[in-house]
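Visitor: Sequence:
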Amino acid sequence: MRARILAVLLVALAALLAPVGSASAATPLTATLTCDEATGTISARLSGAALTMVKGTPVIVDFTVVAGSSVTTGGTSAQDPDLGKRLASVPTTIGSDWTVNVNGYTKAWNPAAYSFFTETVRVTFRTADGTQQYTGYRDGTCTYDTRTHLTLTCDPSTNTFAARLEGQNFTPGQQLKVEYYNTPVSQDTADSLRWTTSAYLAAQQNFTAADNGSWVNTAYTQTVSPHYYLSYDVRAEVKEQTTNRIVARATAYCLYTAP
5 MRARILAVLL
15 VALAALLAPV
25 GSASAATPLT
35 ATLTCDEATG
45 TISARLSGAA
55 LTMVKGTPVI
65 VDFTVVAGSS
75 VTTGGTSAQD
85 PDLGKRLASV
95 PTTIGSDWTV
105 NVNGYTKAWN
115 PAAYSFFTET
125 VRVTFRTADG
135 TQQYTGYRDG
145 TCTYDTRTHL
155 TLTCDPSTNT
165 FAARLEGQNF
175 TPGQQLKVEY
185 YNTPVSQDTA
195 DSLRWTTSAY
205 LAAQQNFTAA
215 DNGSWVNTAY
225 TQTVSPHYYL
235 SYDVRAEVKE
245 QTTNRIVARA
255 TAYCLYTAP
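Residue 5 is where the sequence shown starts when you use the working numbering, and the numbers rise one by one after that.
Treat the hints with caution; some may be incorrect.
What the hints assert, rightly or not - Once the Cα atoms are required to be at most 30 Å apart in a straight line, the calculated DSS-like pairs of lysine-lysine come out as:
#1 Lys181 - Lys89
#2 Lys89 - Lys111
#3 Lys181 - Lys243
#4 Lys89 - Lys243
#5 Lys243 - Lys111
As the list claims (entries may be wrong) - What follows is a list of derived Cβ distance ranges for each label pair:
#6 Ala42 - Thr193: 40 to 48 Å
#7 Ala71 - Thr193: 35 to 43 Å
#8 Tyr232 - Asn173: 39 to 47 Å
#9 Asp159 - Asn107: 42 to 50 Å
Bear in mind the hints are in silico, worked out from the structure with no lab data behind them.
Glycine included, every Cβ here is placed at the ideal spot set by N, Cα and C.
Turn these sequences into a full structure, and let the hints steer you where they fit.
Guide: Here you go:
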């Protein structure tokens, strides 16, 4: 079993322009959601520098569940019952160095009941009186998955990249589809800029679980051109074809070439 904490930095509706000086080296504002197997809890928090805010401003920090699904150990999938709910609203004040450090919600969670679980929290700001919403948000996701494994192979000798996703203990004959999202970091030559690309849909495919509930998918392969530096960070999401509900998720990273 493995629990994975994914902290996602997402800018919406406004660009983040860091003030000059010491703030430029500040820790980015990050929403974190933790599925803790040891304590049987899920907890959300926001921390880092809110560089688009005014120092000393009192605000309300809202924590809302915007995505989530699960599969029980018996194979039943379901939507997160807290989907769409605002689970915490925490008053705080933007620090003198723009720092925000806020604990959101904590709730009970029983990992032994699930073969898969994922939840995404969205963190937003309102004015202290609660009447106005600030633009921008941060998302944090945690995923617990006992059934899938993703392997990436980056082979400079053959100029190829390949993903292999394996699943077990699914419902026999279950109609599924997989989506692969890639976040590459690339640099063509030693004197060129290094680019980080936003996650994009790189491949997708429908497939069916075998009679024993297992499957292997290799839909994402790519021929890669020579680079000075190139890495891939891939997320694979498996969904039910009938409900479009996520029932598996796995991530993997590989370094194709580096100086």
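Visitor: Could you run down the list of hints and mark each one as holding or not?
Guide: Here is what the structure says about each hint:
1. Distance restraint check for Lys181 and Lys89: the Cα-Cα separation of roughly 28 Å lies within the 30 Å cut-off, and the hinted pair is therefore satisfied.
2. A C-alpha spacing of about 13 Å is found between Lys89 and Lys111, which places the hinted pair at or below 30 Å, so the restraint holds.
3. Between Lys181 and Lys243 the CA atoms are separated by roughly 5 Å; this keeps the pair inside 30 Å, and the hint holds.
4. Between Lys89 and Lys243, the direct Cα distance comes to roughly 23 Å. Compliance with the 30 Å bound is thereby established for this hinted pair.
5. A threshold of 30 Å between alpha carbons decides the hint, and for Lys243 with Lys111 the separation of about 26 Å falls inside it, so the pair holds.
6. As the Cβ distance of Ala42 to Thr193 is approximately 47 Å, the hint placing it in 40 to 48 Å holds.
7. Distance hint check: the CB atoms of Ala71 and Thr193 are about 39 Å apart, consistent with the given range 35 to 43 Å.
8. Range check, Tyr232 to Asn173: about 42 Å between beta-carbon atoms, so the 39 to 47 Å window is met.
9. Under the hint 42 to 50 Å, the C-beta atoms of Asp159 and Asn107, about 44 Å apart, fit the expected range.
This entry satisfies every hint, going by the numbered hints stated previously.
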